Amino acid sequence: MWITNAQVLCDDFTFHKADLEIEGTQIKTIDKTCSHTAQKDGDVDAKGQKVIPGLLDIHTHGCDGVDTCDGNVEGYHKMAKYYANNGITSYLATTMSIDAKEIDKICALVHEFSQKGHEGAYLHGIYMEGPFFSKKKCGAQDPKYIINPDIELFRKINADCGGFIKTVAIAPELDGAMEFIEAVKDEVLITIAHTMSDYDTAVKAMKKGVHHVTHLFNAMPAFTHREPGVVGAVFEDDHATAELICDGIHIHPAVIRTVFKTLGYDRVCLISDSMCAAGLPDGKYHLGGQEVFVKDGAARLANGALAGSSTNLFQCMRNVHSFGIPFEMAVKAASLNPARAIGVDNVTGSIKEGKNADLVVLDEHLDPAHVFVRGKQIK
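Read in the numbering used here, the sequence shown has 149 at position 149, and its numbers run on one by one without any break.
Any given hint could turn out to be false.
Stated by the list, open to error - Quick list of the computed label-pair ranges, beta carbon to beta carbon:
id : residue 1 : residue 2 : range
1  : Asp296    : Asp150    : 19 to 25 angstroms
2  : Lys32     : Thr258    : 34 to 40 angstroms
3  : Glu74     : His252    : 19 to 25 angstroms
4  : Thr25     : His77     : 18 to 24 angstroms
5  : His77     : Asp296    : 26 to 32 angstroms
6  : His225    : Asp150    : 32 to 38 angstroms
7  : Glu112    : Gly289    : 19 to 25 angstroms
8  : Gly163    : Cys34     : 26 to 32 angstroms
If you are wondering where the hints come from, they were derived from the structure by calculation, not from laboratory data.
Computed from a prediction, not measured in an experiment: that's the story for all the values here.
Beta carbons are placed, not taken as given, at the ideal position from N, Cα and C, and that holds for glycine.
All chains should be modelled from the sequences, with the hints used to inform the complete structure.
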């Protein structure tokens, strides 16, 4: 099938007038001569509108009333459909700090779900967010389940889900953290999260093999001129990538612009950190077994702590553009950059011949008009 008469955001993240041919699950041809017309059933005439790569959310707990930690396969189907309808064609299912035996069961269930056919967005793996955190920066993570990094526990959980864990988070100042990094750095992407780490400890962790930071600025000490902390370590490192929650609540737009100027357009990964309220109105919800109250779009625990977001990655991408980041670079931060971070940029993250046909045709308002997931039209 063909998507014709389009402005295509190609692999150079510049828009080109082109026709796209999809064969099976992949992009077969990018024809910049625009010599094709939409003739066959299934062909789409983009009518000059933009086509961007499907977005990849590497940090999302849930949406549409469902949480990954619910362990509900029917709910996982709802999540996958919600993501795809909102231009998010693939994702990492993200867990929380709950009982380790429950994490084990949930990860195995997520892997089993991923292996069966389903409508909507597809899974690249699991982000194991917790329980290896600082209790002083637990945020919405339940402190009663938080423990020090445990190599054997991580390896058991990962083995039980077929090695499906792509990312694991730790606080590098904890006992055993450096040993954990050295032991598993070649098995999984290690990220710094929910931490009281100072600058020197964060730098040490990065030298040992940490190359990613979860929701920069949130659940970590503030960046100051005398105590630069994890933020300062990321700013200095030439290779580390950093997540940003760009819902307009977690981080001020001026800080978002500063991060892009400091890290450049290749090292920022937009995430939603969405919880089950994403796509639903204000009200009472849950996250990791704790009650969450959503008011005016802000999700908080009873103690006032932010508890993820109630938005989705597509809206975060649009927010970033409204904050002053070029549209093409906002898309890149929500597609190719996260794909590179978790090592799947060979199959998705940009519009390139041979990659998965994960595509979003935008309407005149830059909303998803049509969505293709591995070549199948979802919307």
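*Could you say whether the range 18 to 24 angstroms given as a hint is met by the Cβ separation of Thr25 and His77?*
Given a distance of about 20 angstroms, which is inside 18 to 24 angstroms, the answer is holds.
_Verdict for Asp296, Asp150 (Cβ pair) under range 19 to 25 angstroms_ = Since the Cβ atoms of Asp296 and Asp150 sit about 39 angstroms apart, the hinted range of 19 to 25 angstroms is violated.
*CB-CB spacing for His252 and Glu74 relative to the 19 to 25 angstroms hint*: About 39 angstroms separates the Cβ atoms of Glu74 and His252, which means 19 to 25 angstroms is violated.
_Whether the CB-CB distance between Glu112 and Gly289 falls inside 19 to 25 angstroms_ = Since the Cβ atoms of Glu112 and Gly289 sit about 22 angstroms apart, the hinted range of 19 to 25 angstroms holds.
*Evaluate the given range 32 to 38 angstroms for the C-beta pair formed by His225 and Asp150.*
Holds, at about 36 angstroms.
*Given a hinted range of 26 to 32 angstroms, is it respected by the beta-carbon distance of His77 and Asp296?*
The hinted range 26 to 32 angstroms holds for His77 and Asp296, with Cβ atoms some 30 angstroms apart.
*Note whether the CB distance of Lys32 and Thr258 lies within 34 to 40 angstroms or breaks it.*
Holds: the Cβ-Cβ distance is about 36 angstroms, inside 34 to 40 angstroms.
*At the C-beta level, are Gly163 and Cys34 separated by a distance inside 26 to 32 angstroms?*
43 angstroms, violated
Checked against the numbered hints given earlier, this structure breaks hints 1, 3, 8; the rest are met.
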